[in-house]
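Letter by letter, the chains look like this.
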Amino acid sequence: MSAELTFDTASHTADAIQRAAYRFCDRISIELVSDEAAHRCTLKPVGDASLDALIGDFRTEVLDQVLRERIRAETEPIRTMILAQAFSKTGVVDSRGHA
Amino acid sequence: MSRFRQLEDFQPEAAHWELLPFRFERLNGKVLVTNMVGEHLILAAEEFDEVAEKRLPVDSALVRSLRAKHLIRQAGDRSPATLLALKTRTRYRRLAESTGLHIFVVSLRCEHSCPYCQVSRQSSDKERYDMSPEMAERGLEMAFRSPSSAIKIEFQGGEPLLNFGLVEEIVRRAERRNREEGRDLGFVIATNLALLTDEILEFCARHDINISTSLDGPADLHNKNRPRPGRNSWELATDGIRRVREALGVDRISALMTTTKASLDRAREIVDCYLELGLHGIFLRPLSPYGFAIKTKNYSAYDAERWLDFYREGLAYILELNRKGVMMTEYFSAVILKKMLTNREPGYVDLTSPAGIGIGAIVYNYDGSVYASDEGRMLAEMGDETFRLGHLATDSYEEIMTSEALLAPLEESFAPSAPMCSDCAFEPFCGSDPVYHYATSGDFLGRKPESDFCRRNTAVFKHLLGLYESDPSARSTFLNWAGR
Amino acid sequence: MITLRGRSAAFALEAPLSRAVWMLTNRETLTPQRRGRAFLVEDGEEPPDGFDLYCAVDPERVPVGKPWIALPPLLRHLSAGDVVSVSETGEHVRVLWRQESPANSVLLTERCDHYCLMCSQPPKEREDAWLLDNARELIRLLPPSTPGIGFTGGEPTIYGDRLIDLLCLCRNLLPEADVHVLSNGRRFADFGFASAWAGIRNPRMMVGIPIYGAEPTLHDYVVQAEGAFDETVRGIVNLGEAGARTEIRVVIHKQTAPALPEIAEFIARNLPFVDQVALMGLEMIGFARANMEEVWIDPVDYRAELSEAVSLLGKRGVRTMIYNHQLCLIDRHLWPFAVRSISDWKNEYHPECSRCGVVERCGGFFFSAKYRHSDHITAIPSDALTKRDVLHV
Numbered sequence: 002m003s004a005e006l007t008f009d010t011a012s013h014t015a016d017a018i019q020r021a022a023y024r025f026c027d028r029i030s031i032e033l034v035s036d037e038a039a040h041r042c043t044l045k046p047v048g049d050a051s052l053d054a055l056i057g058d059f060r061t062e063v064l065d066q067v068l069r070e071r072i073r074a075e076t077e078p079i080r081t082m083i084l085a086q087a088f089s090k091t092g093v094v095d096s097r098g099h100a
Numbered sequence: 010m011s012r013f014r015q016l017e018d019f020q021p022e023a024a025h026w027e028l029l030p031f032r033f034e035r036l037n038g039k040v041l042v043t044n045m046v047g048e049h050l051i052l053a054a055e056e057f058d059e060v061a062e063k064r065l066p067v068d069s070a071l072v073r074s075l076r077a078k079h080l081i082r083q084a085g086d087r088s089p090a091t092l093l094a095l096k097t098r099t100r101y102r103r104l105a106e107s108t109g110l111h112i113f114v115v116s117l118r119c120e121h122s123c124p125y126c127q128v129s130r131q132s133s134d135k136e137r138y139d140m141s142p143e144m145a146e147r148g149l150e151m152a153f154r155s156p157s158s159a160i161k162i163e164f165q166g167g168e169p170l171l172n173f174g175l176v177e178e179i180v181r182r183a184e185r186r187n188r189e190e191g192r193d194l195g196f197v198i199a200t201n202l203a204l205l206t207d208e209i210l211e212f213c214a215r216h217d218i219n220i221s222t223s224l225d226g227p228a229d230l231h232n233k234n235r236p237r238p239g240r241n242s243w244e245l246a247t248d249g250i251r252r253v254r255e256a257l258g259v260d261r262i263s264a265l266m267t268t269t270k271a272s273l274d275r276a277r278e279i280v281d282c283y284l285e286l287g288l289h290g291i292f293l294r295p296l297s298p299y300g301f302a303i304k305t306k307n308y309s310a311y312d313a314e315r316w317l318d319f320y321r322e323g324l325a326y327i328l329e330l331n332r333k334g335v336m337m338t339e340y341f342s343a344v345i346l347k348k349m350l351t352n353r354e355p356g357y358v359d360l361t362s363p364a365g366i367g368i369g370a371i372v373y374n375y376d377g378s379v380y381a382s383d384e385g386r387m388l389a390e391m392g393d394e395t396f397r398l399g400h401l402a403t404d405s406y407e408e409i410m411t412s413e414a415l416l417a418p419l420e421e422s423f424a425p426s427a428p429m430c431s432d433c434a435f436e437p438f439c440g441s442d443p444v445y446h447y448a449t450s451g452d453f454l455g456r457k458p459e460s461d462f463c464r465r466n467t468a469v470f471k472h473l474l475g476l477y478e479s480d481p482s483a484r485s486t487f488l489n490w491a492g493r
Numbered sequence: 412m413i414t415l416r417g418r419s420a421a422f423a424l425e426a427p428l429s430r431a432v433w434m435l436t437n438r439e440t441l442t443p444q445r446r447g448r449a450f451l452v453e454d455g456e457e458p459p460d461g462f463d464l465y466c467a468v469d470p471e472r473v474p475v476g477k478p479w480i481a482l483p484p485l486l487r488h489l490s491a492g493d494v495v496s497v498s499e500t501g502e503h504v505r506v507l508w509r510q511e512s513p514a515n516s517v518l519l520t521e522r523c524d525h526y527c528l529m530c531s532q533p534p535k536e537r538e539d540a541w542l543l544d545n546a547r548e549l550i551r552l553l554p555p556s557t558p559g560i561g562f563t564g565g566e567p568t569i570y571g572d573r574l575i576d577l578l579c580l581c582r583n584l585l586p587e588a589d590v591h592v593l594s595n596g597r598r599f600a601d602f603g604f605a606s607a608w609a610g611i612r613n614p615r616m617m618v619g620i621p622i623y624g625a626e627p628t629l630h631d632y633v634v635q636a637e638g639a640f641d642e643t644v645r646g647i648v649n650l651g652e653a654g655a656r657t658e659i660r661v662v663i664h665k666q667t668a669p670a671l672p673e674i675a676e677f678i679a680r681n682l683p684f685v686d687q688v689a690l691m692g693l694e695m696i697g698f699a700r701a702n703m704e705e706v707w708i709d710p711v712d713y714r715a716e717l718s719e720a721v722s723l724l725g726k727r728g729v730r731t732m733i734y735n736h737q738l739c740l741i742d743r744h745l746w747p748f749a750v751r752s753i754s755d756w757k758n759e760y761h762p763e764c765s766r767c768g769v770v771e772r773c774g775g776f777f778f779s780a781k782y783r784h785s786d787h788i789t790a791i792p793s794d795a796l797t798k799r800d801v802l803h804v
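Same order as they appear, the protein sequences are chains Y, A and W. What the first sequence shows, in the numbering used here, is residues 2 to 100, in sequence order. What the second sequence shows, in the numbering used here, is residues 10 to 493, in sequence order. What the third sequence shows, in the numbering used here, is residues 412 to 804, in sequence order.
The shape of chain Y in the complex, shown without the other chains (with noise of 0.2 Å):
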């Protein structure tokens, strides 16, 4: 058996999918195709996981992958940052003096 999934690509990438993709990895097995308007996934269940049981946790799966992408590129510079302050030698003291 098997399922079919349509996410739209205005609000859905295809990385968010594929990394909701791998956490279900062990459950379903997950084919992709894209094309401009949309993207295509083919559910099939892995051993005997049952599928009905499944859609609706990977549907979600793929919404807060699109949320960690977006929390992702939102934090990207602050993140780089701390990170630079973290690891120079400087301590966390920036070039002005100040903490």
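These are computed hints drawn from the structure, not numbers from a lab. Treat the hints with care, since some could be wrong.
What the hints assert, rightly or not - Listed below are the simulated DSSO-like cross-link pairs for lysine-lysine, each with C-alpha atoms no more than 30 Å apart in a straight line: (1) Lys161/A <-> Lys90/Y; (2) Lys781/W <-> Lys665/W; (3) Lys45/Y <-> Lys39/A; (4) Lys471/A <-> Lys63/A; (5) Lys161/A <-> Lys135/A; (6) Lys781/W <-> Lys535/W.
To be verified - Here are the computed distance ranges between Cβ atoms for each label pair: (7) Glu521/W <-> Arg14/A: 20 to 26 Å; (8) Arg60/Y <-> Asp786/W: 57 to 63 Å; (9) Phe13/A <-> Glu521/W: 15 to 21 Å; (10) Lys90/Y <-> Arg446/W: 48 to 54 Å.
Every residue, glycine too, gets a C-beta built ideally from N, C-alpha and C.
Mind docking chains A and W on chain Y? Use the hints.
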């Protein structure tokens, strides 16, 4: 007085929130959020949505918690970045302190014949299976090349007491060398204690050597795992524990259990056994998945779930003991709690990222081969040399520490850049185990959804967090363990 | 801190005084030393010659032909070793140092950039650098064996480098003294200043900095200044980086008590390198009295929060102490953390205390507790104390 402004006046004007880096996982209808350094907060699902969409009202009480835990900041706040940098730096400080643990396999010979052990040799061929003084000397040279301010030398085997003469020699040479080096030098002997003599104890007392031994639980359990002529492994081990406590001190001996299928129903008995022997800490060790355990039919996926029951039962009993004022630490939980509740590094090489192979601990085998970890050495004994880094006679410190054999697994298994781990809210509590994943799935990274390492750790993290949040007496005990 | 001062009952100086700060000496403590010394006239005998100032306890018994003031009524109990400042004309006298007190605090300024809800020394905007000058003179007069000295304000770091100079002088002239400086810590956000501070290198010196919240809103509200928390925290970080001994103080009152566990968690996770954390009871003077509605809370109402805070800090290795709390109001297992700290403790003050078996060990009351104190003061039987209650320092 009218001169004093209200609390509301100090709330930020516009809701100009900035997210700080954080990760999240959904847990039973709630959402766990962790910041860059593993501080956590558990939110209701709706609250989480408000945070993610930045539509939390400025007067919300949740805002204060989120700011305090460095999950969000107000534009203009400078201390959050400073503090996160400081905490991050503290958490990674151990990297500058490589390598802390140096394992010398002084002999492969052993008088036990434990079914799961792949390394020991029932032999009296000292020439063939003992480490030579030359190799020992080279091993010490290499150890002192490590930048670490603290160097711990651990004697392993086989049974190290079968080559105690070399142990003595290494200790003396290390101390002599350390007079110039000035490191914090420590020694530990991992032994089954069957061959313990008063002379050995005296030497250990004089040179501040600690003892690590195996204690699987009550006699029948222990002896089944550890056959020896006389069938008295447990009696010798427990007698040895008593003697070490009395001759060296109560803090000078620790015991590790090997968990087998037979252990899984007997958590309380095992803890009681430790208690009766005056041991105040136990490591509820996960089942070993390595080839030898599989060979002896000692491991299966089903058992992983049973192990979790075993762990939860053992921990519950240990917490009950703590409530009664009995000091008993569960070391696996303590390692994780230290990572959850402090910025300090517990120094447990199997649960760190970058992995502890080579940079946390390194193994000098009896024949001079150098391995990235003890499990890596065991794999070699079974024919797989993937984690062999070089040889003391032919390779320099630089060649060994920058070898592809070491760098590749370190890099590939690094969690913050690994699929799924990089998104995982539990990542600050977890670690990379390239040897485990190589042994079970063939590559250093493994596929985390299929990894029992991941499943087990995740279940343990959820269990500990749940207790921390809901049980005040467990929280109190956990804080003690984390702070030690 | 209550400054004792007053108007001289009478005075007769031929000329304006050449200095402001005087150490009192009497017959028992007489030495050939005259500079900076004022003779304390306690009886009708002829006092020794050579002093530039004589302070009479009794306005009826003053030394004729010598420059004298008769001490204000409130100051008649002063003794040798005490230090006073006297105005040029001799009219105003203020006590700077009491030899018998175990904890003298030297006021350096009343100026402050905060306006704390519970401030015990409400700020005044006027120029008062003469207080710093007096402090310098005081240090010069104190014996080198002086065991401790505190510096407070207002905000002492207002003086910048001049404060650092004063503390260097203190280190040099009073090498035995534990030096405790109170500051809101904001100036240390400038790493140059924090570095200069650490450069004083007095191993007995510590700066005490208050934190009143785990995030800006609460702290800034308590101190009535935006941006205070952010700067104070950065100041503490700098002090840590520079290696200067730092104490964090948390005054517990109605606004801060509910947040005490969050504050403790914040300190344990972010500032664990500080030398100690002092959890302090409220002093009912100054603004605290005026703002009683906003700040008063009976300590029994925050017993749980206090225990939680001590647990969150202490178990993770942060040295924690409880100041100014009566033993009957805190959980029993916290007694080892409670410091006996108040010096003006008067045990006939509350009737329960006269019956209490642990009164010797208790933190006691501020004099100002008469304005408001707990409804739950209860005598404790003396067998409640055990050896374990010795404070673990």
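Hints versus structure:
no.	hint	in the structure
1	Lys161/A <-> Lys90/Y	holds (28 Å)
2	Lys781/W <-> Lys665/W	holds (18 Å)
3	Lys45/Y <-> Lys39/A	holds (29 Å)
4	Lys471/A <-> Lys63/A	holds (27 Å)
5	Lys161/A <-> Lys135/A	holds (26 Å)
6	Lys781/W <-> Lys535/W	holds (26 Å)
7	Glu521/W <-> Arg14/A: 20 to 26 Å	holds (21 Å)
8	Arg60/Y <-> Asp786/W: 57 to 63 Å	holds (58 Å)
9	Phe13/A <-> Glu521/W: 15 to 21 Å	holds (18 Å)
10	Lys90/Y <-> Arg446/W: 48 to 54 Å	holds (51 Å)
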